[in-house]
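**Q** Chains as they are written, first to last, in our numbering: chain A, 1 to 293; chain B, 1001 to 1266.
Careful: at least some of the hints might be erroneous.
[Said to hold, decoys possible] The calculated label-pair distances, taken between Cβ atoms and stated as ranges, are: (1) B:G1108 to A:R287: 57 to 63 Å; (2) A:A180 to B:E1232: 51 to 57 Å; (3) A:S3 to B:E1064: 37 to 43 Å; (4) A:S3 to B:D1233: 45 to 51 Å; (5) B:N1014 to A:M14: 48 to 54 Å; (6) A:E146 to B:N1014: 52 to 58 Å; (7) A:A180 to B:N1014: 23 to 29 Å; (8) B:P1042 to A:A13: 53 to 59 Å; (9) B:D1233 to A:V277: 55 to 61 Å; (10) B:T1002 to A:A180: 36 to 42 Å; (11) B:R1032 to A:A180: 25 to 31 Å; (12) A:F61 to B:A1131: 52 to 58 Å; (13) A:E146 to B:Q1079: 50 to 56 Å; (14) A:L270 to B:D1169: 56 to 62 Å.
Read the hints as simulated data drawn from the structure, not as lab findings.
Just so you know, even glycine gets a beta-carbon here, dropped at the ideal spot from N, CA and C.
The chain contents come next:
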Amino acid sequence: MTSLVVRAAKRTAMFVAALALVVAIWEAYKAVGPADGGTLLGVRVLPRTSDYAMPHVWDMFSRYGRPEVRGSDRTVFAAVLAGAWYSLRLSVAGFVMGSVVGVALAVLMARFKLVQRGVLPYLVVSQTVPLIALAPLVVSWGGKLEVGPFVWPRWLSASVLGAFLAFFPIAVGTLRGLAAATATSVELMQSYAASWTTTLFKLRFPTAVPYMVPAFRLGASASVIGVVVAEISTGLKGGIGRLIIEYAREATGDPAKVYTAIFGAAALGLTMAGAVVAVDAFVMRNRPRASVS
Amino acid sequence: MTAVSIRSTSKVFNAGKPNQVEALRDVSLEVRGGEFVSLIGPSGCGKSTLLRLIANLLEPTAGEVIVNDKPAARARLDQDYGMAFQQAGLFEWRTVQKNIELPLELKGWNKAERAVRAKEMLHLVQLPEFADHHPWQLSGGMQQRIAIARALAAHPPLLLMDEPFGALDEMTREYMQGELLRICAATGTTVVFVTHSIPEAVYLSSRVVVMSPRPGRITKTVEVSLGADRNEDTRNRTAFFEAITAVREGLRGLHAAHVGRGSDER
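Kindly produce the complete structure, drawing on both the sequences and the hints.
**A** Below, the structure written as C-alpha cells:
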C-alpha cells in the first residue's frame, strides 16, 4: 500500500517537473530568442518571440480570471469550464458508443476467424480517413435521419465522430486480450464442456482486462479529439472546440486567450483518461501487476 | 470395472497435408477402476495426445475411446474426469476458493454447496488457510495442489494429469508425489498420469506404460508391485529399483531401435 502511495507521489512529481521544464523552455526562448524570429535564406526557421506570438505563461493563466469580453461579468475561466463540460458530455457519449461497437467487433472477430480476416483490414483503413472530411458527411447523413419522433440532434454528429476514433483502439486491444487466454486454460474450459459464451465470460474477458484498460484509455482521449475536431469542422456551438476557434480569431488583440481554451481541451482529455485509470485501479486491485505492452 | 478403454486408436494430425504428423498408431489400453497408470516415453511420443484423446479434447482418427463405459465425448459432457496440466492454470482474478469452485459453478451448483465442497477440497490438499488468497500469492507447489483440488472438486471417478509436477523442483516434486498418492487413496480416484520421469512413474503407478517415439505405440507395460502403501522408504526398496530398471530398459530398447532405424533410412 505504502509503495503504491510512494509510486503515485513519484509519478506526480515527475509530471510537475516535466510541466515546469516546458514552461522554463518556453520562457527562456522568449527571453533570449530574436523578437522577429530567425530567418535563414528568407525561410523562417525560428518562431517570433513577441508577446503576440508567444505570450508569457503567467499571462495565459491570469487571462482565466478576467472577463471573457469587455464589460461581461463572465470570466474566461467560467466560459472554458462551461465549454469543457459540454464537450465532456459529448465525449463520454462518443466513448460509450465507441466502446460498445469496439467490444462487439472484437467479440465477433474472436468468434469468427472469417470476420476477423474480412473486417480487420477495413478497420485499419477506416482510421486513415481524415476526420475533417468525414465530419460534414456525418452531419448531413444524420440530418436526413428521422425515425418516428427521433430527430438527429446536431451534437450527436460530434459524438459519433468521437466514437469513430474511439472504437478502433478498443476493438484492437480487446481482440488481443480475448486471444490472450493460455492454451491450458482453454483446454480446461473444454474439459468442463463449457460453451463458447461461458468461456468468453468466465475466461476470455477476465484475461483480456489488462489489455483492455490501455485500449480504453486510448479510446477515451481519442473520443475527446474526435469531438473537439468535429465541433470545429461542423461549427457546433457550446463546446471547447468552438471556443478554441473563437479565441484564436482574437489572437491579434488578445494572444493569451486562445491558450486558455487549449489547456481546457488538454484537461478534458486528461480527465477522460484519468477516469479510465481509476476504473482500472479498481478492477485490477486483486491482480498481480504485470505489464502488458 | 473399466475406467478407460482405448481400442485400436490412431491419431494423425493435418491428415493429407504436407505437414501431416502421425502421432499415434494402433494404440490399445485398458485402465481398471482405482488403477494408477503412467504413460512414459520420449518427447513427441504422443503420450499427451493419448491423454487428450481420453479427455476428448482431441478426436481419434481411427478406433474408439471409452471412458466410464461411455464414448469419450459423452464422458466429457458429463464431466466424468478432472484434469491437471503442467501449468497449474489457475485463474489469477479468482481467489483460491473460487478457483476450486469453477467446475462446480459450471455444473450449476449453488453458492452454499460450492463453498462447502471447496472447503472440503482445501482440507484434502492441506491448504485450508489459503481460501481467500489469490493464486499469484502461492508457491508453484501450492498452486499445483490447488489445481488438483479443482480437478477433483466435482468428485470425478477419473483424474487425467499431464506432467503436473514437471515445472516443480525435485524436493517439491517428491513431496507432491506423496501428496497425490495420499489424495488418490482417500478419494479412490483412477489416475492416468503423463510424465517423462522414470522414478516418478514407478513411485506413483500400479502400471507404467512405455511408449515409442513417433508414431506413438505402446511397446511395454511394467507392473509395479510395490503395494498400495507407499512412503519415502519405498524409494529405497529393491522392487522400486527393479521396476525402474524394467522401465528404463523398455525406453532404452526403444531408443536403440529408433536410432538403428534412423541410420537404416539414410
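**Q** Of the hints given before, which are not true for this structure?
**A** Structure breaks hints 1, 2, 3, 11, 14.
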